[in-house]
Structure formats: C-alpha cells, structure tokens
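2 protein chains.
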Amino acid sequence: MNYYPESILKLIKSLSTLPGIGRKTAERLALHILHAPLHEAQSIASDILELKQKVRLCAKCFALSDKEYCRVCSNPNRDDSLICVVENPSDMAVIEKSGVFNGYYHILGGALSPIDGIGPDEIRLKELFIRASSKEVKEVIIATGTDVEGEATASYIADNLRFYDNIELSNKSKQNGLIISRIASGVPMGGDLQYVDQVTIQRAMEGRRGF
Amino acid sequence: MNYYPESILKLIKSLSTLPGIGRKTAERLALHILHAPLHEAQSIASDILELKQKVRLCAKCFALSDKEYCRVCSNPNRDDSLICVVENPSDMAVIEKSGVFNGYYHILGGALSPIDGIGPDEIRLKELFIRASSKEVKEVIIATGTDVEGEATASYIADNLRFYDNIELSNKSKQNGLIISRIASGVPMGGDLQYVDQVTIQRAMEGRRGF
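So the sequence lines, in the order shown, correspond to chains A and B.
Numbering-wise (my numbering), the first sequence opens with residue 3 and increments by one.
Numbering-wise (my numbering), the second sequence opens with residue 3 and increments by one.
Extracted from the complex, chain A is given alone in its bound form:
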C-alpha cells in the first residue's frame, strides 16, 4: 500500500468508510479526483461541509430541511387534512417521487423495536398524536415498513390515535372521527407471482378488491 503518496492514501481511506465503496473503488475515485479540475474537487468538499452545517429537521414533520420548515410543510397548497406517517426521510422521498400524495408528512425517525431498545418515547409518536388531534386532520395514513417493526409501529399508532381521537372528539367536537388507514400490501407491480413470498401472497389475497 505504500506506493501512493500519503495524501492519496488518506483520501482512499476516508472514501472507503462510505457504504458500498471498497478499497478498489476508493482508489479509482481518489485518482479521479486527483485528475479532475480543481473547482470540481473543491465543490465536492464544500458541498459535504455545507450539508453537515445546514441540514436539520423540519420543526413540524421532522423531514430533512435547510430551513425551519421543509419544502412540503412550507407549501400552503397541500392538503392539510392528510398526514402520512413514515419511518425515515428516505421513505418520504420515495412517496414524493411517486407524486400520488398531496398531504403532509410525519417522519417518526425509526420504528418500534424493543429488542434494540426503541420504545414509543424514542421515536416521534407524541408529536404525531398532537398533530393528529388538530381539527383539520381528517386522515392519518400509516406508511411504516411492512417488516415486523413497521407493522408493530403501525398497530401501536392506530390503537393510540383511536384513543386520542376519542378524547378530542368529546372536547373539541370534531365533525367526523379520524380516519386511520394503512398503505396496501400485496404483489408489487410488474412482479411475477412465482417470485413473490407467501406472506405477501396472503396479504394480496386478504386485501383483494372487486374488479
């Protein structure tokens, strides 16, 4: 390994800490950066520092944001009767990319997982219940993962929202009860049934709809 100068070795080492970047790829990237124009290399470095400095969590939905409120929360044209609950910012990105949802989000920052010491107080559930109890909110769509933790979190949220909603109903006389929904699970589009696991098939059968 001592056939490169120190400063190249250092960059190779620090690039290797990135996910999916092994020694060989890090070496290739470092040599590319070495031969790239100075402004290109500088912009990568400054963008990394800027990212770490600027990005924080949206004060309302806890999405990633440069400002106090994220792009979605600072958009007044979205439907404030809908809250979509997701585990992580990247889940929110996937839903936004699809363009099918026009409400607001709530990012939990994880899922309940007692084995990892993540209980209801470790993720942003209280904040969700407070938001959901506001008068405008008509529906909470639970879009946590479909793994064990995601399912458990979904059940926990549904149970507690019903409880909160009952209290709120008696105090604030909401017109209708809060609708609590879960995103559908089933066979993915473009999927061949042959490759779909049994639990998914079971869900797809249970969730079947009239044609």
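It is possible that part of the hints are untrue.
One copy or any two copies: either way a pair holds, since identical chains are not told apart in the list.
Derived DSBU-like pairs: lysine-lysine, alpha-carbon spacing no greater than 30 Å straight-line [claimed, not checked]: (1) K140 - K62; (2) K137 - K56; (3) K12 - K140; (4) K26 - K15; (5) K12 - K54; (6) K137 - K12; (7) K140 - K15; (8) K12 - K128; (9) K137 - K54; (10) K69 - K15; (11) K137 - K15; (12) K140 - K26; (13) K54 - K140.
None of these hints come from the bench; they were simulated from the model.
Here the structure of chain A is known, so what remains is to put chain B in place on it, guided by the hints.
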C-alpha cells in the same frame, strides 16, 4: 427531485460527477454522509482538498508524490541499474503491489497515439532518454500497455534508446550496451485457454520457454 433540501441536492449532484457513481448511489452516499459523525464528513472534505493541494509529480520519475521525490525515488536501497517504463501512475502501483521489481520507474504520462494528437513530445520520452543514458542504467524494461498505442510506444522507445545508447557509448564508454527489454505477454495466470483471445495465444506461443 425537489423532495430533498437544497444542500443535499447539491452534494448528490457533485458526487454524481464521480466515475461509477450514478444518481442512486450519490443519493445513498449523501444520506450516509448526512448521518455520519461530523468528523468523518469533515475528514473526507479535508482529505480531498489536501490531495489537490499536495500531490505533484516526482521530479525524477514523474510518479505521484507529496514531496519533490516520490517514495521509490527517495529510497536509496533500490537497484539504480533498472528503469521500468510505464504509461501511468496506476501501472506503477500495480507493479509495486506485486513486489517483483526493485529498480526505479519512469512514468510517461500516456502512450503515443497520433489519432489523439499525442506524439513523442506530448509524453515524457526525452526525460527517459536522458535518464537511460546515465552510466548506472543497465536495463530499461518497457512495461507500456499491450494495446496498439502501448506497443507502438514500446517500439518507439526501443528504437530511440538504441540510437541514444550508441551516441553515449562513444562519449562515455559505458561498460556494456544498454539492455532493452519488454515485459512478457501471454496467457494470464489462472486463465483458462478457452477464454484467451487469438493474439494473446499467438504471443504466448512465440514467447514460449524451455521447461
């Protein structure tokens, strides 16, 4: 694309300029950097800047170096009767990694390629001929690539070294004529003959040795 804050989008964009890093990978890397400890992110950024600032070419062999002379050239324990000529610093790295060569290097910085406008003056041939004409040098091993450009460069070097060597011989009375050699080409080790191309087989037959 507008579901991430500006500073994340900027980093994704600049990471996408790296070779082999597409949009998806850049997104994953940016999110990793976002969640990584501050010092890790800072060290990537500072290593990039340090690399661009410090790395230059060795004054003797034109390898990558932090100082005036590279690690190899500043090592007095190597055999100064051997010069190995390669196209690029990464070729030198491969030979160093193998550990079979104990002489010094000469990095041309490319290969002759008239179609791309790269003639003898565009690569460091003159510097090689000057180094090779020194009294200590007994053998020049030409390890340019085995593609058309690499082969042409090898022939050019061999022809010109012989010419220079004759002049030097008459002036400085070198003990023996300069040995000019070319790395062997043939079937790669661990290779199945079935998958080896015809030109390589031809070379392997021509270059056969007594057992």
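Right, here's what the structure says about each hint:
| no. | hint | in the structure |
| --- | --- | --- |
| 1 | K140 - K62 | within (17 Å within a copy, 75 Å between copies) |
| 2 | K137 - K56 | neither (33 Å within a copy, 61 Å between copies) |
| 3 | K12 - K140 | neither (54 Å within a copy, 36 Å between copies) |
| 4 | K26 - K15 | both (11 Å within a copy, 22 Å between copies) |
| 5 | K12 - K54 | both (21 Å within a copy, 12 Å between copies) |
| 6 | K137 - K12 | neither (56 Å within a copy, 38 Å between copies) |
| 7 | K140 - K15 | neither (51 Å within a copy, 38 Å between copies) |
| 8 | K12 - K128 | neither (44 Å within a copy, 33 Å between copies) |
| 9 | K137 - K54 | neither (36 Å within a copy, 57 Å between copies) |
| 10 | K69 - K15 | between (33 Å within a copy, 20 Å between copies) |
| 11 | K137 - K15 | neither (53 Å within a copy, 41 Å between copies) |
| 12 | K140 - K26 | neither (53 Å within a copy, 35 Å between copies) |
| 13 | K54 - K140 | neither (36 Å within a copy, 56 Å between copies) |
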